[in-house]
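Start from chain G and add chain L according to the hints.
For the record, the sequence lines run as chains G and L. Read in order, the letters of the first sequence are residues 1 to 384 in our numbering. Read in order, the letters of the second sequence are residues 1 to 384 in our numbering.
Any given hint could be a false lead.
Note: identical chains are not told apart, hence a pair may lie in one copy or across any two.
Stated by the list, open to error - Cross-link-like lysine-lysine pairs, in silico, BS3-like; alpha carbons within 27 Å at most:
#, residue 1, residue 2
1, Lys110, Lys127
2, Lys178, Lys163
3, Lys375, Lys178
4, Lys375, Lys163
If you are wondering where the hints come from, they were derived from the structure by calculation, not from laboratory data.
Number of protein chains: 2
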Amino acid sequence: MSLHFTRDEFAARQGRACAAIAEAGLDGLLCFRQESMYWLTGYDGFGYVFFQCLYIGADGRMMLLARSPDLRQAQLTSTVEDIRVWEDREGGDPAEELREILRGFGLAGKRLGVEYEAYGLTARNGKRLDAALDGFCRLEDASLLISRLRVVKSPAEIAYVRKAGELGDAAFHAAAAKIEPGAFEGTILSAMQGAVFEGGGDYSGNEFIIGSDDHALLCRYQTGRQNLGGNDQLTLEWAGVYRRYHAALMRTVRVGEPPDRQREMAKVAQDAVMAVEEALKPGDTFGEAFAAHARTLDAAGYQAHRLNACGYSLGTTFAPNWMDWPMLYRDNPVEVRPGMVIFVHIIIMDSDRRLAMCPGRTSLIGENGAEPLSKLALEFPVFA
Amino acid sequence: MSLHFTRDEFAARQGRACAAIAEAGLDGLLCFRQESMYWLTGYDGFGYVFFQCLYIGADGRMMLLARSPDLRQAQLTSTVEDIRVWEDREGGDPAEELREILRGFGLAGKRLGVEYEAYGLTARNGKRLDAALDGFCRLEDASLLISRLRVVKSPAEIAYVRKAGELGDAAFHAAAAKIEPGAFEGTILSAMQGAVFEGGGDYSGNEFIIGSDDHALLCRYQTGRQNLGGNDQLTLEWAGVYRRYHAALMRTVRVGEPPDRQREMAKVAQDAVMAVEEALKPGDTFGEAFAAHARTLDAAGYQAHRLNACGYSLGTTFAPNWMDWPMLYRDNPVEVRPGMVIFVHIIIMDSDRRLAMCPGRTSLIGENGAEPLSKLALEFPVFA
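So that you can see chain G by itself, here it is in the shape it has in the complex:
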């Protein structure tokens, strides 16, 4: 067995989930989000690329339906004891197999929540699910039921989050040793990802982002690694990841002397990071923290260059996405609470001057507010 939390901790989480399921007036929940399965049972793997469902009843009953390559995976990594396998074959329909299992659980005519917002449930499989369960039981969207529980971390989770923070810093130090005029982006990326793996960490929910020159203004990974110029900018977004817990970081760095404009952007962006972190006080809302970002940048004349979001919660999300619920955007009413882990990134892209400036770091929310998990300086890193 490879459980990364105690059985007591999993039992406590399952108990909270059962209470939330009952409180929502549901008899059970069909989980399709891998992060829900990992949080509830430890089940870890990417079997969710095909139809896969974890059922948890308000009565605590659990059952996983997966493909044959995932049977041992579930046995070794999770607390689930009732594991069923469906077979790939022409004409097979795992949703119908699921219905018959649920029938055996006495769920005909009952009310079940479904995680419809899940990469593990494509729209096509969602239609199959609805068709198979039509007339059998009542379904309703409960995509955020587990996410609302997951968003506040336990002491055992926070220990992993802190370790993730250390790996994030280690990745930057490994990159810094390779950043110089003419350096190959692939060498820098290798160093960063290598530091995470060598520290016992994991793949992140999405690809690290790396781009120099014009590509420094992008905020997604894309294929095609380049060499840095003699005087160039490089935008990096990465995460330390430990036991699937993320601590993300972001920086735009310079090789050679930066233009004055970019130094000014760096100052404003750093002020904005601090303003958002200052606003992340228990009781305040995610919308208020976003407003602090907008106020700071707009007052400095950057309203045309900012994005509509400035960060999000982090947790154990799986590929293709490390962005967890909820997000720091306008008017988001979700309250900040102790035990949350929040990534703040300020993304300023000046397309006319082709300059990027994107500092960001992850904080743990305590009783008194945000505690940054990174020891890296927020100042603009310049490699002269």
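Same frame as chain G, now just chain L:
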């Protein structure tokens, strides 16, 4: 601009897509599969983690609807000229924005295909799409329309596939330099992933798989890196990836002297790889190649230890999955054709004896059959 194919090649692909759309009796296609977008236009990024849609009409018209962080991404990496942005806000619905754009294109009452089988279209977003377009136009599932075109690679694509094959071999050589009694799995993983990045390659569609001891019997990545024992087994599945094209490989290796049973498993598995490759002749079916795998293993007494699939097509799939359509499973009627790229892996897991044996490699299909892209020996690698 960062286009990885000529504009002529993209235009030719778009022309073939338009013809297939018209042939299917459709007026246009709503793409939600990132690999379709990449193949049609070069658009590269992970914006598909949120609602994102590429429209292509039977008349050749194209339009991308994405979020603000993806605007520059699409401008820099794709041939799409008409890019629209939707904003994150409470109560916003990009599916309704999409409908109004389609209305402007004169598509009211028309018939559109939809890629419902897409990680980029969660079941929840699929419901929103259906609700927004209900009564506006007729929709039908066309998830495989582009995949059926993508499955046969062009000469320019094959050049990238071959480069991916080289990176896959380089990753194994980098791992081999680190594999020894007591070695840390994280160090081995770092070496493999690093070889791909340093060679100019990309992240793979799913995580590399690494597991020793009992975890060698798993065929998914999971968190929790271990140290190898003094006499141990290690299962690795990885891919060279170049310009998003995958060439996957798989091996179970040994540190120390293997048990006789594992040597026997290696011999049988190697025979099975060769039998499947031999069956991958143009005109034969994917189902027949699977049958060659089943025949070989069953004749040797391994029917209880094999999986229900022995490989799949590879291409430019994005996270969370590098498995492309179609798969090598029982009775699959899809025909093998020249220009296909097919990964064959034989997975034998003997749970009672806790032994794994999983050789696999990727072949390019030519007029005369399968040409392995890897120069690595298929024999059981033993590090004494």
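(message) Output the indices of the hints that this structure fails to meet, ascending.
(response) none
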